[in-house]
Amino acid sequence: MELFTAMTDVDAVIAALAAGVDDTRMAVGGEAMQEASQVYTYVKAAAKTTPGLKAVAEQLGERFKQAKKKKKPEAAAE
1 MELFTAMTDV DAVIAALAAG VDDTRMAVGG EAMQEASQVY TYVKAAAKTT PGLKAVAEQL
61 GERFKQAKKK KKPEAAAE
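Numbering-wise (our numbering), the sequence shown opens with residue 1 and increments by one.
Please keep in mind that the hints were generated in silico from the structure rather than gathered at the bench.
Check each hint, because a few of them may be wrong.
[What the hints assert, rightly or not] 20 Å max Cα-Cα, derived SDA-like pairs, lysine to any residue:
| no. | residue 1 | residue 2 |
| --- | --- | --- |
| 1 | K68 | E35 |
| 2 | K65 | Q34 |
| 3 | K54 | V43 |
| 4 | K70 | Y40 |
| 5 | K65 | Q38 |
| 6 | K54 | G30 |
| 7 | K68 | Y40 |
| 8 | K48 | A36 |
| 9 | K68 | T50 |
| 10 | K69 | Y40 |
| 11 | K69 | G30 |
| 12 | K65 | E35 |
| 13 | K54 | S37 |
| 14 | K48 | G30 |
| 15 | K70 | K54 |
| 16 | K44 | V28 |
| 17 | K48 | E62 |
| 18 | K44 | A27 |
| 19 | K70 | G29 |
| 20 | K44 | E62 |
[To be verified] Between beta-carbon pairs, the in silico distance windows are:
| no. | residue 1 | residue 2 | range |
| --- | --- | --- | --- |
| 21 | F64 | M26 | 13 to 21 Å |
| 22 | F64 | A27 | 19 to 27 Å |
| 23 | A27 | T5 | 15 to 23 Å |
| 24 | K54 | A32 | 23 to 31 Å |
| 25 | V10 | G61 | 42 to 50 Å |
Glycine is no exception: its CB is placed at the ideal position from the N, C-alpha and C atoms.
Using the sequences and the accompanying hints, generate a full structural model.
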């Protein structure tokens, strides 16, 4: 019984740690997406006046379209 109690305590600590790691991962992912969106906005604006950036802006645009498509099923499930 003592081992069971000890393992239950360890499980609780690990679960709390895993939840903290997941929360941190989600926060970092959200911040990264915000920064990427800002860069994309800057590149789109600069592409209007800077030769060669139009292709980069289009590539980034495709990436953001793919990210939105992947996100839609999760949003619908909520």
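Results for each hint:
1. K68 with E35: 16 Å, holds
2. K65 with Q34: The given pair, whose Cα atoms are some 15 Å apart, holds under the 20 Å limit.
3. K54 with V43: 8 Å, holds
4. K70 with Y40: Holds, at about 18 Å.
5. K65 with Q38: Within the cut-off at roughly 15 Å; holds.
6. K54 with G30: Answer violated: K54 to G30 is near 26 Å, above 20 Å.
7. K68 with Y40: Measuring from Cα to Cα gives roughly 14 Å; hence the hint holds.
8. K48 with A36: Cα-Cα ~19 Å, so holds.
9. K68 with T50: The hint is violated at about 27 Å.
10. K69 with Y40: Between K69 and Y40 the Cα gap is close to 17 Å, so the pair holds against 20 Å.
11. K69 with G30: 17 Å, holds
12. K65 with E35: Holds - the C-alpha atoms of E35 and K65 are around 16 Å apart, at most 20 Å.
13. K54 with S37: Status holds; Cα separation ~16 Å.
14. K48 with G30: 28 Å, violated
15. K70 with K54: Cα-Cα ~25 Å, so violated.
16. K44 with V28: 24 Å, violated
17. K48 with E62: 18 Å, holds
18. K44 with A27: 26 Å, violated
19. K70 with G29: 15 Å, holds
20. K44 with E62: Judged against 20 Å, a Cα distance of about 12 Å means the pair holds.
21. F64 with M26: 13 to 21 Å: Because 19 Å falls inside the window, the suggested range holds.
22. F64 with A27: 19 to 27 Å: 20 Å, holds
23. A27 with T5: 15 to 23 Å: For T5 against A27, whose Cβ atoms are near 34 Å apart, the range 15 to 23 Å is violated.
24. K54 with A32: 23 to 31 Å: 25 Å, holds
25. V10 with G61: 42 to 50 Å: 48 Å, holds
This entry does not satisfy hints 6, 9, 14, 15, 16, 18 and 23, going by the numbered hints stated previously.
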